[in-house]
Every structure is written in C-alpha cells, then in structure tokens.
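There are 2 protein chains.
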Amino acid sequence: MTGKTINSFVKKRNILLILTYGVGMAGLIFLLKFIEYKYFIRDFTTEMYIGIVAILFTAVGVWVGSKLVKRKSAEKRAIDFEADAEQIKQLGISRREFEVLELIAKGLSNKEIGEKLFISIPTVKTHSSNLFVKLDVQRRTQAIQRARELKIIS
Amino acid sequence: MTGKTINSFVKKRNILLILTYGVGMAGLIFLLKFIEYKYFIRDFTTEMYIGIVAILFTAVGVWVGSKLVKRKSAEKRAIDFEADAEQIKQLGISRREFEVLELIAKGLSNKEIGEKLFISIPTVKTHSSNLFVKLDVQRRTQAIQRARELKIIS
DNA sequence: CTATTTTTGATACCAAAGTATGAGCTATTT
DNA sequence: AAATAGCTCATACTTTGGTATCAAAAATAG
Numbered sequence: 000m001t002g003k004t005i006n007s008f009v010k011k012r013n014i015l016l017i018l019t020y021g022v023g024m025a026g027l028i029f030l031l032k033f034i035e036y037k038y039f040i041r042d043f044t045t046e047m048y049i050g051i052v053a054i055l056f057t058a059v060g061v062w063v064g065s066k067l068v069k070r071k072s073a074e075k076r077a078i079d080f081e082a083d084a085e086q087i088k089q090l091g092i093s094r095r096e097f098e099v100l101e102l103i104a105k106g107l108s109n110k111e112i113g114e115k116l117f118i119s120i121p122t123v124k125t126h127s128s129n130l131f132v133k134l135d136v137q138r139r140t141q142a143i144q145r146a147r148e149l150k151i152i153s
Numbered sequence: 000m001t002g003k004t005i006n007s008f009v010k011k012r013n014i015l016l017i018l019t020y021g022v023g024m025a026g027l028i029f030l031l032k033f034i035e036y037k038y039f040i041r042d043f044t045t046e047m048y049i050g051i052v053a054i055l056f057t058a059v060g061v062w063v064g065s066k067l068v069k070r071k072s073a074e075k076r077a078i079d080f081e082a083d084a085e086q087i088k089q090l091g092i093s094r095r096e097f098e099v100l101e102l103i104a105k106g107l108s109n110k111e112i113g114e115k116l117f118i119s120i121p122t123v124k125t126h127s128s129n130l131f132v133k134l135d136v137q138r139r140t141q142a143i144q145r146a147r148e149l150k151i152i153s
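First to last, the sequence lines map onto chains G and Y.
Quick note: the first sequence uses numbering that gives the first Met the number 0, first residue 0, plus one each step.
Quick note: the second sequence uses numbering that gives the first Met the number 0, first residue 0, plus one each step.
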C-alpha cells in the first residue's frame with residue numbers, strides 16, 4: 000500500500016500500453032504495404048496514398064491521445080486515494096475512530112452510529128471526541144470538512 | 000444561466016476548435032508539399048516520406064485527442080455546476096438559506112454563521128430549520144451530504 | 001399599490017453534541 | 001509479567017443544535 004508499490008504498478012501498465020500502441024502501429028503500416036503491393040499496385044497516386052496514411056494515423060493519434068489523458072486522470076485518482084492510509088496513520092487515528100468518522104460524514108447521529116457499530120452512545124462520543132482532537136477541530140461538521148481536505152474520506 | 004445558453008456556448012467553442020484543427024492540418028499538408036517540391040525533390044524515398052507523414056499526423060492526432068477529452072470533461076463539469084441553480088430553485092431554497100447552507104458545510108456553528116452574516120442566532124436557526132425541511136433531512140451533517148449529492152454545493 | 005415571499009427576530013423547550021473524568025477489559029508488545 | 005494502546009462504558013455537566021410558534025420589517029412580484 001506504499002507509494003512505491005503503486006508507482007511501479009503504474010509504470011508496468013504504461014509500458015504495456017506503449018507496446019500495444021507500437022504493435023498496433025506496425026500492424027497498420029504492414030496492412031498499408033500489403034494493400035499497396037498485393038491489390039492496387041500503384042493504382043493510387045502518391046498523393047492519395049499519403050492522404051490515406053495521414054487520415055489513418057491521425058485517427059490512431061486521436062485514440063492514443065484520449066487514452067493517455069484518461070489514463071493520466073485515473074492515475075491521479077489512484078494517487079489521491081492512496082494518500083488516505085498514510086494520513087490516517089500519521090494522525091494516529093485508530094480503526095474504530097475512522098469508522099465513526101465515516102458514519103459522521105454520512106450524516107448519522109451518535110445514536111445511529113452506536114446502533115450501527117453495536118456500541119453505546121458514550122463510546123461513540125469518546126471516539127468522536129478523540130477524533131476531533133486528532134483532526135484539530137471542535138465540531139463534527141468541521142471534522143467532515145477537514146477529513147475531506149486531508150483526503151481521508153471521499 | 001439556463002441550459003440552452005450554456006449549450007449554444009459550448010457548440011460555438013466546438014466549431015472554433017474544429018476549424019482550428021482543420022486549418023492546422025491543412026497547414027501541415029502544405030508544409031510537407033512545400034518541403035517535398037522546394038528542397039528535397041524526391042531525395043527521400045516514398046517509404047521515408049510516408050513514415051514522416053505517419054509520425055507527424057500521429058502527433059497531431061495525439062494532441063487533438065487529448066484536447067478533445069479535456070474539453071469533454073470541462074463541459075461535464077460546467078453542466079454539473081449548472082445543475083446547482085436549477086436544483087436550488089426547484090427545492091425552493093432561498094438566497095439566505097443557501098448562504099447558511101454553505102457556511103454549515105464549511106463547518107461553522109450557528110453562532111459563527113450569525114456573526115458572518117450579521118444576523119442573530121435565532122435567525123440562523125430559522126433558516127437552517129427551513130432548509131432541512133426543503134432538503135428533507137434532520138441534521139446539518141445530513142444536509143451537507145444531501146446537498147453534495149444534489150450538487151448544489153461542492 | 002397590494003399580495004406574497006423573504007428575511008429577520010424572540011421565546012421556550014427538548015434533543016443532540018461535546019467535554020471531562022474515571023475505570024474496566026483485551027490484545028499486543030517489551 | 002508489566003507496560004502500552006485500543007475499545008468499551010458510565011456519570012455529570014455544558015454547549016450547541018433543532019423544533020414550534022409567533023410576529024414584524026423588507027423586498028419583490030403582479
């Protein structure tokens with residue numbers, strides 16, 4: 000769950016992607032050569048031929064470009080999501096406290112949180128109170144805001 | 000601020016975009032022709048020439064593709080943002096109630112909201128209470144959650 | 001100009017949230 | 001075995017939040 004693990008994962012995926020594109024492009028060139036020599040044998044003028052190449056490779060480029068951008072934003076999201084666990088540990092937030100935080104952010108009352116986690120209201124209050132100290136806030140609404148800033152909840 | 004206004008705006012932008020790309024491509028083709036006839040005059044083999052065309056147009060395509068995707072997501076965001084005003088009116092949320100909602104979401108207490116808006120605590124309570132009815136919630140934490148779902152706040 | 005909505009405020013009361021303190025229990029680590 | 005950390009719960013108290021009801025300016029629409 001460390002940054003290095005995810006980074007190497009992303010690198011592997013990118014190498015695969017580039018390979019795929021490379022093979023695809025080579026295939027396209029081969030296809031063009033094949034068409035040129037086997038079927039039309041110079042029936043097309045050089046201009047037309049170049050036009051076809053330009054259109055085809057523009058299309059390939061558009062596809063690659065959109066893929067790359069989508070992948071980039073997906074990586075960004077992955078990195079954002081990863082920041083969570085680190086932050087939680089760094090702030091010393093315990094497992095139970097985090098569960099309470101999530102339910103607070105969902106808008107549950109202390110009573111509802113207690114029912115959902117099978118603990119008493121005083122216990123919920125203890126957890127939330129400790130949580131607020133660790134998040135350096137006074138109220139649960141602030142805790143929601145803060146936790147979202149720190150990306151420990153969505 | 001209506002949907003139609005934004006849609007026509009977006010259409011205009013897209014037409015401009017396509018024109019720009021078209022002119023750019025035409026310019027590239029012209030440049031290639033220019034190079035072909037004025038400088039190299041068949042010094043390059045057809046294969047090399049096609050290779051250059053393929054690489055250039057792939058690059059153009061990648062650029063166009065990424066631009067298109069970025070524009071698409073930007074439009075999506077604009078549409079999401081527009082949904083706000085509509086929803087707010089549909090729910091009958093008043094200007095002042097919305098201001099209170101925003102400050103609640105920022106984690107402010109009723110007292111702090113009152114100070115910021117220069118109104119008394121009872122007034123803040125009146126607004127928030129009416130707001131909760133319109134959002135169909137019981138607590139301010141739920142209101143935050145609900146308002147985010149409805150995209151009337153970020 | 002009048003009708004209506006919005007905004008403002010008060011009072012009273014109850015519910016929920018938050019703090020402080022203390023304490024028992026259970027793993028885990030040293 | 002002892003220390004540590006996390007989870008649990010209780011009691012008491014204070015603060016904040018939320019509802020209900022009423023009412024009066026102020027702004028806006030018709």
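None of these hints come from the bench; they were simulated from the model.
Be aware that one or more of the hints could be misleading.
Below are the BS3-like pairs computed for lysine-lysine, each with C-alpha atoms no more than 25 Å apart in a straight line [stated by the list, open to error]:
1) K66(Y) to K75(G)
2) K66(Y) to K71(G)
3) K150(Y) to K105(Y)
4) K75(Y) to K71(G)
Remember, predicted model here, so these are calculated numbers, not experimental data.
Here is what the structure says about each hint:
1. Simply put, K66(Y) and K75(G) have alpha-carbon atoms about 18 Å apart, close enough for the 25 Å limit, and the pair holds.
2. Using a Cα cut-off of 25 Å, the hinted pair K66(Y) and K71(G) holds, with the two alpha carbons roughly 13 Å apart.
3. With a C-alpha separation of about 15 Å, the suggested pairing of K150(Y) with K105(Y) holds against the 25 Å cut-off.
4. Distance check on the hinted pair: K75(Y) and K71(G) sit about 18 Å apart at the alpha-carbon level, within 25 Å; holds.
Consistency with the previously given hints is maintained throughout, with no hint failing.
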